[in-house]
Structures are given as structure tokens and as C-alpha cells.
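Since the structure of chain U is already known, use the hints to place chain P on it.
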Amino acid sequence: MTRIAVDPVTRIEGHLRIEVEVENGVVRDAWSTGTMFRGMELILKGRDPRDAWLFAQRACGVCTTVHALASVRSVENALGLQIPTNARLVRNLIAGTQYVQDHVIHFYHLHALDWVDVVSALKADPAATAKLAQSISDWPNSGTDYFKGVQQKLSTFVQSGQLGPFANGYWGHPAYRLPPEANLMAVAHYLEALDWQRQVIRIHALLGGKNPHPQTYVVGGMALAIDPNSPTAFNARHISEIAGLLAQAQDFVDRVYVPDVLAVAGFYKDWAGLGQGIGNYLSYGEFPEADSGDAATLYLPRGRVMGRDLSRVMPVDQASVGETVAHSWYEYSGGDGQLRHPWDGETNPRYSGPTPPFQTVSDHDKYSWLKAPRFDGQPMEVGPLARMLVAYASGHGDVKPAVDGVLSALGVPATALFSTLGRVAARAVETKVIAAQLPGWLSELEANLKTGDLAIADVSKWEPSTWPAQAKGFGMEEAPRGSLGHWVIIENEQISNYQLVVPSTWNGSPRDAQGRRGAWEEALVGTPIADPARPVEVLRTIHSFDPCMACAVHVYDPDAGSSVEIRVV
Amino acid sequence: MTHLRPLLVVGIGNVLLRDEGVGVHVVERLDRLARRRPDVLPPECTLVDGGTLGLDLLPMIEDARAVVLVDAVNLRGAPGDVRVLHGPDLHATLANRVSPHQVGVGDLLAAARLRGTLPADVALVGIQPAEIEIGLELTAAVEAAVARAADVACETAWELHRAAGGADGAGRPLASRAPVRGDAAALGAPG
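Chains U and P, in that order, give the protein sequences. The first sequence begins at 31 in my numbering and counts up one residue at a time. The second sequence begins at 6 in my numbering and counts up one residue at a time.
Just so you know, the hints here were simulated from the structure itself, not pulled from any lab data. Treat the hints with care, as some may be off.
Said to hold, decoys possible - Selected chain U positions facing chain P (in silico; Cβ < 10 Å):
1) ARG88
2) HIS139
3) SER165
4) TRP169
5) SER172
6) TYR176
7) GLN192
8) TYR220
9) LEU221
10) ASP225
11) ARG232
12) ARG342
Unchecked claim - Residues from chain P that keep clear of chain U, each with C-beta distances beyond 10 Å, as calculated:
13) HIS8
14) ASN19
15) ARG34
16) ARG41
17) VAL45
18) GLU49
19) GLY82
20) ARG118
21) ARG120
22) PRO124
23) GLY140
24) CYS159
25) ARG167
Backbone N, C-alpha and C fix where the C-beta goes; we use that ideal spot for every residue, glycine too.
Excised from the complex, chain U in its bound form (with noise of 0.2 Å):
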């Protein structure tokens, strides 16, 4: 039996390690240990609950806004606010274009690697490349020459010796099936998803002075000086700007991001068969189509799919949360086995694992710095798989021809969802559905600010005089990576406690006290793993969940008591 660790290097968010055992070539079991500490709720403990977004967004480089949202949203909930209607179409629109961004650079920055052999790009010819290109999408870039230059680009770069992110890639590996010019051509799209994220991070800077971080938010709305008619507020230059920044963004997501996707996935149909995972799926919802922020109100909906069965959809509340830290390095007054909903969460760090170096800690019984977070005491995962599942099985009336479509593309059945590669092409869907939504939005901003409404925010409830002695709030919310919770307890105009339950939390989840293993280990069970050396098999399906991560492989052979490394970014 062969164990492989799988130790990623994320920010805060995480250190991550995976570990795999492995007998005749086939995945028996896996683990998944948050290696860092998050200590967010106590650094909030005492403070202005007014500023918490501030340090929240500081938790996750990639994911700044998205902590930023859901903890306005976790104080506006406990103080009874409703945002105005600017506020929330502004809120919006950062959000979405944060799933347009997210979505295209995860697959072409991270996750392509898994799929395409960059090294075997140099082997490809250039015209049959541009006719493989010309087949697939009008896409103009996509001449002989264009290829020639693209391939001279990545030779010049190898040819340096410094890979960066392709360094130690398992370049070769015989999992690898795209022809050297799907090869190449990938290898140019992500050259230019790097020129048009360029493009797309402007629309934050417009609407969120994000320099690099956001700074408009505020309990109770934005704080973006909005004017159609003032020189130096929000005003409509800046939202002509935006339509033609979202219309390039649109345009590639069509032409360019979802053309690849469906390329690539054609070459590797048996991934619709591996990876599938718990199969209980959980939405939160986002996007509020109306003021009141009701879930009813919310263009992607709010609920769960149980089993599998997409013929029901389940509702969601935020009281059946709950986290357990049987198998995790912390202690409950009260039991580490019981589940513990996050306004009665408690953060007591008590570390039991094996001395750093170590080479496994799976055989500990407490093996991960990561809560198990249970939705009625079950399992789930969270993503653009969950979000897609739930509003298909709703009849979603954009969402069910968009994945409808992708299916016949494929020629696979709705089955084939459940699975590694139904993480990766529910993404390119949401993709889709989000970028041509995002222009209805900028609309209704566009038509409300024309009818003299130039409220931004509610400041009713500003000054800590006008709060109650003791409230509660929660903010939920679907960030690009899945279900986001902050929960608040605000006593005497300060933070009292505050919880976060954050997507790789759900998705990288160990084992609760019934022994039921979180989603990531639950999808690499079954997984066939060619070459220990190597797994790129393993990386293939964890990527697929978009941990927000790099990886460096540790390769364990108990027997030969030897131990590789790799590094896998």
C-alpha cells in the first residue's frame, strides 16, 4: 500500500494537505487536514463591529470582496438594515464580475494544468493548431502566425529554466490526452485570459476603489459618491465604461473560455465518472433580484439536493448549521463530538498532532485545524456545482437550458454531473449565466439613478447609540468557491463573538464524530492513481473544487520507508 500527502500552500484561507492511500492503483481512503490555524474570530473578538469587514478581507487574498460582502451583510442582519437599491445592484455587479474573473483565470491559471501538457505545446504545428482553433470558435485570434509567436513565447520561457507556474508539472505523464495543438492552443488562451483579466479587474476599481483592496463598502450599503450628473462622483461615463468592459468580458467567456472547457472535457469523458463525492449539494443563494433580500428574491437560488436526487429541491436555513470538532484540533466545553451552530461557536485551539515535520498525521485521531461544518448534521459540498445542481433541479429558466446544452454537447446524460469533470463545466456554465446577467444589472443602476433615487447607503442605524444592547446577525452568501457564512454577536456596541464558515471549510472538511468523511475526501475515493510519483489524478479532482490553492506533493512509501517530493503549482 502506497500513501501519498498532497501538502498545498494556500494563504491563510489554508494550508492544506490531502493524504491518499492507495492500493492496486485505486484510492481505499483519503484525508484532508487544514495545517494552519484561522483565528479570524479571535482578532474580531472586542472590536468595532462597523469594521470587521476590513479585517475580514484580509483573510484570503483571492477572495477579498467576498469576506467584505458577507460581513456587511452578517451586522446589517443584526441591525434590522435593508440596503437601498443602488447599494445592492452595485453589490451585485462586484460580486458577479468577481465569478467572471474567478471562474475563467481558476480554469486557465490552475486548473488547465491538470488537463494540458504545457511542455507538449512545443510540439505542436501552428496552422494545424489555427485550423483546431477556427473549428472550434470565430474567435479572431487564431491565424497560423499567431500560434508561431505564441509557441516561440512559451520556448523562450522554458528555455529560461524558470517554469514559475509550470514548474514540476508531470509533463509526459500518459493522463495527459490533448494533442500538442489543443495543447498549444490552451497555452494562448491563458495568455490572453491574463490580458483580459486586465480589462474585467477595472470594473472593480470603478465601483469598489479597489487599489488593490476594496474600500466602498460600509454597513448599510456602499460608500460610492453615485451622480449620473457630477463630474467627479459615480457617474455615466463610468457606467458606459462598465457595459463596454463587461461586454469584453462576456464576449470571451462565449468565444474563448467555454469552447476550451467543452474541447478539453471531450478528451476526458471517464472524469465525468470519478470524483463524484458526497452527492448532497448546498446553495445559500445569491444575487437579491429585490430590495427586501428575501430568498425568494435571488437570481441564483437557495437550497440543497440531497442524494443526488435532482427531482427535489431542500430548503436551507442558517440554524441547521452546525460545527463539530471530533476529529479536529480543538476543544468544546461540552463535547467535541456535538455540533455546535456558529452563534454558539467557540474557537479553543488545542493542537494534539505529530511534531512539524511529519510525514502523515492521518493516523491521529484529531488530524485537521479545519471544523467539520454539517448542514442538519449531513455532509455537503459547496460550489458552482452545487449552485448549477440546485437551480437546475429548481428549473431554473437560464441555468437548466445552459447546462441542458452543455450536456448534448458532450453526449452525456445529467448523471454525468456528479463528477470531477461536472465541477469543471458547471463552472464554465455558471460562467456564462453570470456574464450575461451582469448587463441587466448595470441597466436597472443605470434607469433607477435616472429616477433621481441617489440613496447608496442607510445610515439610520450608524452611530452604536441607536443599536440594542445584545444583537445577532448572519450574512450568507455564494462567493465564486461556494456557501460563505459570518455570523455575529454584537454586545455592547462590540463584537461578542464571530464566527466564519467559509467554502474550503465545507468542501476540505475532515471527519465528524460519526466518521463520515468531508467532501474532498469523499470524491478522491475510487480514484485511480497511474504512477504514487505522480498523482496527478488525485490534483485533478481536488483542483476541481477551486480550493484557492498551490500544491507541493509529498509522496509516502511506508515500505520503502522513502519519501518524495514535488511541487505542483
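What follows is chain P alone, placed relative to chain U:
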């Protein structure tokens, strides 16, 4: 007068992880200094709190004439040690896992290099951290090094400014200098 592209000084790090955030603290100090005395830094110098961002910084990097990164780096020295890394040492350092955000910065520079847009002159002012754990305050040794690191960042910014042909137009590549070694090869073995 011709317009200079900005010379970027970027503080990198997570301010919620004590010494991990020292790069951001150094840039905040530079910001306070430059507000009082703008000539402490070369002309058209932009200070950026890069936090833990990765690719979001790409447009700024690509548009810069030179870049000074300021960051916590495992120099295998005493807490608060400050060293400047250039060229191969810089890339070797970023290719190793040193602190929780390093991969992001390494990725960022590699992406710019692949695109052929990485400025010729990039330097890293590294500060040896003592504690990387949850908390907002720097440790005493690293706190004491912030002023020195800010001075070194200023000097480095001026060097890059001159090397890029800034004030006197007599540009020369920094790669020809003897690099200040940070024993990069021995840094933080992954795993």
C-alpha cells in the same frame, strides 16, 4: 518632460499573521515618510499595499518601469535581518515555499515573464520574520527592523531608478552587480 512609467514599491504579506505582514508595515511607513518628504523616493514612485493578492497585481507590475517587492523571507538569519535579493536569487527564493503567500508572488512574476512584460529590474527586500501566527502586532525584533527595511527599500528604489536610466539617463543592468546572497537555495524545503 517625458512621462516616466511608475516605479513600484509593493509591500506583500498578510497583516493578520504578525511578522508575515511586515512588507505591508514597511510600505505604510514609507507612505508616512513620503507624505512629509516626497524626495525620499525617486520621482513617479508608487507605493502599493499588495496584501496577499496575486494576479490582481499583474497590471500594476506590467505597467511599472521597475519593481521593489518588500516581504517576509526566510533568510535563515536572525529575526529582523534585512537583505536585498536580485535576479536568480530572487527567483529561487520565490520558487521556494517561504511563507503562505509566496506562491502568489512567484506566480505573478512568472506570468509577467511568460508574457514578456516583466520589468527588467525587480528586487526583493526580504525581512527575516520571527513569528508567523495569528495576530496583528509584529514581534519586537521585526518591529525594530521596519525603519531599517524602509531605508533599504528607499535605497533600492533609487538604485533601480538610476539603473533604469532614471535621473541621469545612464542606465545599467543590475544583473551585472554582485548579488547580495540570501542563501536562497537553502530556503524552506517544501513538504
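Let's test the interface hint: is any C-beta of chain P closer than 10 Å to that of ARG232 of chain U?
OK, holds: ARG232 of chain U within 10 Å of chain P, min 8 Å.
ARG88 of chain U as an interface hint toward chain P, with CB separation required under 10 Å
At about 5 Å, which falls below the 10 Å cut-off, the nearest Cβ of chain P leaves the hint on ARG88 of chain U intact, so it holds.
Mind checking the CB of SER165 of chain U against every CB in chain P and telling me if the closest is under 10 Å?
Status violated, d = 26 Å.
Non-interface claim for ARG167 of chain P, where every Cβ of chain U lies beyond 10 Å:
holds, 26 Å
Confirm or reject the statement that GLY82 of chain P sits farther than 10 Å, beta carbon to beta carbon, from all of chain U.
The assertion about GLY82 of chain P holds, with a minimum of 21 Å to chain U.
Minimum C-beta separation from PRO124 of chain P to chain U exceeding 10 Å: can you confirm that?
holds, 16 Å
Restraint: ASP225 of chain U near chain P, CB-CB cut 10 Å. Satisfied or not?
Given a least distance of 8 Å, the restraint on ASP225 of chain U holds.
Quick check on the hint: LEU221 of chain U CB to chain P CB, less than 10 Å?
holds, 6 Å
Using Cβ atoms and 10 Å as the threshold, tell me whether VAL45 of chain P really stays out of contact range of chain U.
holds, 22 Å
Examine each Cβ of chain U, and state whether all of them lie more than 10 Å from the Cβ of ARG120 of chain P.
violated, 6 Å
Over 10 Å to the closest beta carbon of chain U is the bar; see if ARG118 of chain P clears it.
violated, 7 Å
Go through the hint on TRP169 of chain U and say holds or violated, using the shortest Cβ distance to chain P against 10 Å.
Violated: closest Cβ of chain P sits about 19 Å from TRP169 of chain U, beyond 10 Å.
The structure fails to meet hints 3, 4, 5, 6, 12, 14, 20, 21, 23 from the earlier list, while all remaining hints are met.
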